[in-house]
Structures are given as C-alpha cells and as structure tokens.
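Q: Read off the chains here:
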Amino acid sequence: MKILAIDDTKTLLSLLSMTLRNAGHEVAEAENGEEGLARFDQFKPDLVITDLNMPIMDGIEFTRACRSRPAGQNTPIIVLTTENGAEIKAEGRRAGASAWMVKPFEPNTLLGLVARYQN
Amino acid sequence: MSLQLSEKHFTSAQPESAARRIVTFRVGDRTFGIDVGMVREIKGWQATTPLPHAAPHVRGVLNLRGVILAVYDLRTAIGLGSTEATATHVIVVVDVEDKTAGLLVDSVSDIVDVPVSAVRPAPDLERDEHGLIEGLVLLDTEIVALLDLAAVIRDGGDNQDKQLRVA
Amino acid sequence: MDPLAELKQTFFQECEELLGALEQKLQLLDEGSSDPEDVNAAFRAIHSIKGGAGAFGCTELVGFAHVFEAALDHLRSGRVALEDAPFTLFLRCSDAVADLVAAARNDETAPVRPDLLAALEQVGQAKAAAPAAPAEAPPAPAADAPVGIAALGNLLAMVDAKMGTPAPTASAAANDGWDDDEPAAVASVRKPGHDVCIKITPEADLFRRVIEPRVAIGILPADEIVSVSCDLSHVPALETLDVTDCHMRFTVMMRTELSADEIVSKFDFTLANEEFEVEVLADSEAAAEPVAEAAPASAPEVPQNVAADLSAILARLGPATDAAPQPDIQPAAAPVAAPAAAAPAVPAAPAAPRTPARPVSNEAAARQRQAVSVRVDLDRIDRLMNLVGEIVITQSMLVECVRSLPYDVYAKTAEGILTLSRQTRELQDHVMAVRAQPVKAVFQRMPRLVRELAQTLGKEVKLVLEGENTEVDKTIIEELADPLTHMIRNSMDHGVETPEERIAAGKNPEGTIRLIAEHRAGRIVISVTDDGRGIGRDRLLAKARSRGLVGADEKLAPEEIDQLIFAAGLSTADAVSDISGRGVGMDVVRRNVESLGGRISVDSEPGRGCKFTLALPLTLAVLEGMVIRCGDDRYVIPIASVIETQHLANTPIEHLTFGQEVLRWRGEITPLHRLGAVMGSAGTRDENIIIIAETERGGNVGIAVDEIVGQQQVVVKSLESNYGAVAGASAATILGDGLVALILDVDSMLRVAASGTRQPVPELKLAG
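Protein chains in written order, with numbering that gives the first Met the number 0: chain R, 0 to 118; chain E, 0 to 166; chain D, 0 to 767.
To be clear, the hints were calculated from the coordinates, so they are not data collected in a lab. Do not take every clue at face value.
Subject to a maximum C-alpha distance of 25 Å in a straight line, what follows is the list of computed DMTMM-like cross-link-like pairs (lysine to aspartate or glutamate) [said to hold, decoys possible]:
(1) R/K88 / D/D378
(2) R/K9 / D/D378
(3) E/K98 / D/E719
(4) D/K461 / D/E499
Can you make the complete structure from the sequences, with help from the hints?
A: What follows is the structure in structure tokens.
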C-alpha cells in the first residue's frame, strides 16, 4: 500500500516510515502539512498518517485541505498524535480524519489498523 | 523581556545543504558563536543568587519560569574578569548535554548561516591553552570563535588569570 | 527516547502492578479464600503479563508465563480443586516471573527455572479433567481486566492472528504463543466469555471521514462476532437523500472474553464516543451453564438496558445467594425478578431484602470507581505541580506588592489576596492529592522478602499488611523501600525466633510481623511489629559499654537501652549477619529517615516482641521554611530544623583558642557558626539573630544571621537537575520577588564550615 507519513519530528518520522516499510508498504515522507499536501498530489497515497501539531500547517488543517480536493476525499487519514482530548478529537473528525491513534504508538497496533484498510 | 527563538523566525532564509546556523554574540571586542540548535532562548540580564564556594565563572542561579538554572559569565571564562552586568547585558539560555544553563554575554549580534567548509579547526595553540573553542569561522568582517559550551561550563573557571587569544 | 522503548517501560510498570495483584491473590487463595474472582484475577494478571511480554518479544517470560497460566487455568476451569492447588509453588512461580520481568527490563538473560516449569506442568496431570464445577470457577466477568498495554498486546496478537488468514475457525490457533488458547473441547460446546451487544450509530459524515463500516467493525475478532445487523430505518426520503451521508445503524452481537473497556478501546480508533455503545449482557454461564447453551443467539434480540442490567446483576448474585432466582437471560423473564433486585434503590421500601443489597451496591460502587479513574502520566502531574508552585510564588509576590500600597487601596486588595491565598493552598493540596500514591507499591515487595528470609533463616513467619491504601506523595514513596526493608530484615533476623525456640517459649511456632501504615497528624506513620523475643537489653547495653558509648557506671532506663539500637555500629547479633547486615545498621536508617524530616523509634517488650515506628512527612515537594537574610542574600532554613531563635545580645559568646565560637544554650556548650562567613554572603552583616538548629545526630548548633524575614511554605526546586550539588544547601526555592534562595541543610553547612574548601564545578556528562 502507498502510505504518506507526515510528522515534524525527524526521528518519529523515520521510525514511522521504517515500521511501515518493514511491513511492506511504500512510504513517502513529509515534515509538515504543507509539504504533505504537495507530496499527496505527486505520490497519490492510499492512506495518510499524520501528526497533529506541526509548524506551517498542522494535521487538522492538512486533513481539511486534503478533504477539500477531489483526490483526497476517499483516502483514509489516520491522525497519530499525543493529543487525546475529546474536543480535539471531535475537531479532527469534523475535519474528516478517519482514525485517531495516540502516541507513543505500538507498531503492531498501527500496522493492525493500517491492514484494516488494505483491501 | 525575553525573545523566544523558534524555527518560525527563520523560515524565509533557506539554509544551503551543508550549512551550520550560528548565533553570534559579543563579549568586549570578541565575537563568539554557537549552533542555533543549542539556544533555547535569549533574555535580558536578571539578578542571580550567588552560590557559595562556586567556581569564579559561576554567576549564580536564576529562576526561568520555575526552573532553576546556573548562569556562567563568559567574560570570566575567557579570562577577562567579571562582567559588570547591567540591563543591556544578555543571558543566552542554552541546552548543554542534558542540562539547561545561562551564558552571560554583552550582546547578541546575529544569526548567520555558514557553510560547514568555512569552519576551521581552532589553532593548536588555542586548543592546548584553553580548550574552550571548537573551531573558527571567518566572516567578511570578523572572526567568530565557536564555543565548546560543555568545556566553557566545565573549565571556564580555570581561566581567571589567563587571556583567551583568538586570532 | 525511542517510543517503543518508552512503551516498553510502561509495560514494565504495569507488570509491577500485575505482579503485585498476582501475588496478593495467590496469597489470599493460599490462606483459604475460595472466591473464584481471586482465581480469575490471578489468571488475568499472568495472562496480561504474557500478552505484553509477547508484544515486546520477551521470549523467556512468555514461555514461563504460558506454562504458569495453563496451570492456573486448571484452577479456573475447576479441573484442579482449590484445596488441592499447590499455592506455595504458585507463589514461588510468581517470584520467578518477577525475576524474569526484572531481567527483561534490564535486558539481561533470565534464569530459566526448569524445576518450577516441571512442577507447574504436573499441575492438573494427576486429576483427570472433571466436569467444571460452576460454583468454583465461573469465567472472568472481565469488567475489571486491565486495559493497559499488556492487554492491548493481547488484542493485537489476536487481531494479527486473524488478519490475512481466511475465516479462522472457532478453535483458536494452538500455538500462537499469546493467544487465548481455550481448550477446543470447551469452545465447540459453548464459547467462553459473555454476550456483548454493540450499537453503532455513526454520524452522517462517516463516509466523508473515509471510514467504511467494514473497517470499523472489522477491528473486532471475526470469529467472536455472532451477528451484524444493519438498521436502515433512518434513511430519509429519496428527495432529501444525500448519498454521501451515512444513515445506517449497526448492531453487532458478539460472544467474547473481551471486556467492555477493551472493546471500547478498539472502536476508539475510528469512532467517536457518541457513535457507539457497548453493553455486556447477562453472564449466562456463571450460574447456569447447561441451560445457557441454547440461549446465546436468541437471547438479546431487543436488548433492554434495564432488563439486561438486572439479569447481569442477578447472574452475578446467583452463586452467592441461594435465594436468588436462577437467572434466565431472556429479557422477558427479567422483569419478574426486577422488584427484588430493584428494591435497594428505592428508599421508600423498608422491606427491601437485606441479603442481596450489599453485594449489589458493592458491585455498583466498584464499577463506578473504575469508570471514573484515569491513568495519567506522572510527568504531567509533575508539570501541574510545577505550575501550582509558580502560582504559589506569584501569589506571595502579589502579597509583597500589596504591602507597599497606600492603606485605603490596601484594605480593598487585601481581602482578595487573602481569598487567593486560601484557594492557592487548596489547589496545592489537591494537586498533592493527585500525586499521592498508596503505599501498596512498596508494601507489595515485602511478602517476597519475608518468604525468602524465612527460608534462609529456617523460620516460619506470617506477614500481615494493613493500611496498604494509605496515600503519600510519590517523593516519599520512593524513600520508603529502604527503611522498610531494613526494619523487616531486623525483625526477621533478631526479633522472630526459630520454631523450636518459639514452641519452647509457649508461642505459636509461626511468628507474625505486622506492617501497618496510617495517617496521623499530617504525617504518615508506618510500624513494623513482631511477636518475637524483643530487644536483648543486657547484650545491647554490654556492647554499648564495651564501645564506650555508655559509661561503665551510667544507669539507663530500659527504654533508653532500646534506643541504643540506633547507635552507630551496634548490632546485637553475634556474627555480622548477611540478613540485616549488609554493612548498614539501624543508625544509617535513622540518619536517612531524619534527613527526610522523619523520625524513627522503637518499643520493645522482652519476650513479647518489638515495634519499630517510622513517621515521615507526606511530601518532599514543599516544606515549611523560615526565610532569613544574611548580608545581601536570603536563605531558607527548614522549620523542622529550627529549635528556637534569640537575640545575640542575650547570649554570651565565648571564643575557644582555635577560633571556634561557642555559646551557652540551656546549659550546653553549643558551637556557633556565622552563616554569612560559611556561605560567603555578600554585603555587610550585623549578625544580630541566632537560630538554634538541630543536627542529624541530635546535637544543636547556633547559626548567626542578620534578620528573620518571615515564615512560609516554599516549593522545593532541585539544584541538581541543571547544575549540581551545592555544599550547604539541599535545594533551592523561588521567593515572592522571583529570586532564587537556597534551602539550607544544617548538616551540610556544618561540613562546609569545617572544611572551608572551594567546591568544584559539577562535572557535566560528556556525550560520547
């Protein structure tokens, strides 16, 4: 599966893509929402995993922007964040986030969730 | 008053691929630099509480939003005596190893990008004598001595009577 | 930090709790408990450890836990009767699991215990599988199963196992290591667990969030789903239908061992809390296994909350109260039973049956407690505590500002400030309460200590714990383990006699040690009481005399002799024992306790036993301090150290030849130190005030200062986190004007006065 991973923390981003690549996914990386949108258009991922708090464009704005373009309306977006508040989660859902996972992530949990979207 | 440094201030200036971003500051007529990544914030001088029997370059401790950190006088560390601190002096708050510390300097001058290739190793003489600088950068108008902060904090108290010669 | 490593740490923390629970339940069972919930809890604990260990690849731990779990499962299923179960073996196994966890935590290879494994495998071999005795081993209600990482690891394992493999059958894969290997025989008759009804009412924007119902529901283990039905009645008329809106509602029926919380955590990834509802239905199996067999599919077609709840409660009551009607999980039958069970909730019914009332309300209360507790990262609480500390500082700063206002303005402001002070203090108390932890964390380690020591010493000892839920601040919890271990070692070694001696003395061959915690006068008081021989006063006194601690002709009261146990270098054992020894005596324990602002004392009755009492403050995060000034500098001296203050003018000072000043205080020659000189304070000093302070060794010292500024509660801030140890000070605090003041440590200050050496700059750890 083609997965776009977005996170402004380099180490987390590498860990994330490493986890996904090891599971046989093709991964593109971006370090903020804006870069994420650009990568989204070129890479045309089947799934997006994004961080929430990022400079320039955060995860919510990214999700909203993604949902507002035709190609982005059918791509599952998993938010991977340390935030776990009901309000921010609701905002995420309103923006169009498909799933919400709280960091630190357990690789198998993430892969399990990703695999749900596989077919 | 304090100035919070964050990436946002610099997004316009794109660094070249192999460049170091250096914060430069002055003590007397000397210019020193450290990597911007080590700088947590820059704040105006604020009174410190002296610590008993501490090394000469330890000015004392201060309260930074509930965290207590030690302030080191760079002037003392390079052997130029103690800084007569006034409101115009500046404390550069840095992260060194796993600790946060303050560095008392006269003023902060600039943030510059220098190619890694422009950093020269410190001349042997300096290293032997003081071991406080890790390299020199030649800018158009001046020479910037890049500080080895851990060494400044650790050994800066030994240079009370010596002078640090930079080029 | 590597997030995986972080997560692993969380798992190990959970392991501690789980191990504690495991040990405690096994202990209860060993002491004769026949509560099936104790068996279940023990089983769940080891099961969770195994699950988490699997997720983190701790193979040895998984292997051992697996065999252990299988053995405990025999108890759970009733194949081995409780009275035949080898609980001593199980307790030793729980110690072994603790060792394996510790090894895994430190990345060490763990000792494999083939002896224990072999013994475990014997469990259940002797007795042929008898049909399950339902009264003894109903399946776990699982409502209180841990929903932490360990449990998550378990779930994952299950999800993973099912993923990608086409339609797994009901019998679980035999050797996936950490799956629920339920015996196939049981599974084919009646799947274990409980019936769960999940109602999913998605928001209209479900599809726009790119969530397919298939994906959301697919997160559940496929073979545990009994049925999925879709309710289309909310689809609007064609004219107003927006096909991108989701109008479908789903009802999923499942038969599972997952708890409601575990299921909620699965849906939590994709659905909002308002979008689904998980309901555990009547636990039919608990009371009436054979009857239930036919029921599950047909049972709760139309789940009625009240009826289902009632039948669930009744089902739980079933084994406990004979009078309760056999629960029938068909909702239709429930209303018949309703009046009886509902009665306790109606205050107007005085005839409410007493018997069922208690279990019901206990259960309900327990559930309620569970529902409202959350797991919070300690870091967050620390940050909160810091912030409260900031507020305390800001508030005292305000007080200082207000003082300089003209009177009329002052009067108006003062009232507000007073209210603020009170609220701040209250806030602080509440945050402290959040940080508080039960002493259980430390107490839990003691049974093992006692077991092992008893074996080494050839003694029989029963340890009784009381007040484990007494709470103290976590700063104190961390400091408790050492003195407690020491006190218990001392009782085991010197107090309790061997069984032969005890029989000869007409006592029960088994000795008892009581470890009791309680709150008293704003402190935590912990006592260790044994029923052993008491302190051997003659021997102790003789030893003290031979060491010159007590003069040859000096007469001591019995209680005074007992206190000698805290004197340096006195041990009553003839040979230095490696039990209470370890080169550390009770004198060190006392010094450590006192440096925390605590006290330790001993009471002994010859032939009857001995009691150590430890009293500690409830926190180390704040302390009551006296703010003093010396030259230009201010310091805080803990009130606990101050005995009294007086004017220099009233105190005659004498100079000894070598420059040491002394004063006479209460007839004693007391050394005097000038704080400004010791601490190198700047500015001119008049040193008019003398503070008489107490040292750790019980002596007194005079400290000359310029002025006493005030007395206030101060927030203790570490100097070491960003600098290093400062001679003369234990920590620092922030005063009302935002400046830092050092908190003096009297003993450390005296050492500075004695040496007068310059302190080296603390070494910074250099990264490699």
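Q: What are the numbers of the hints that this structure violates, sorted from low to high?
A: No numbers; nothing is violated.
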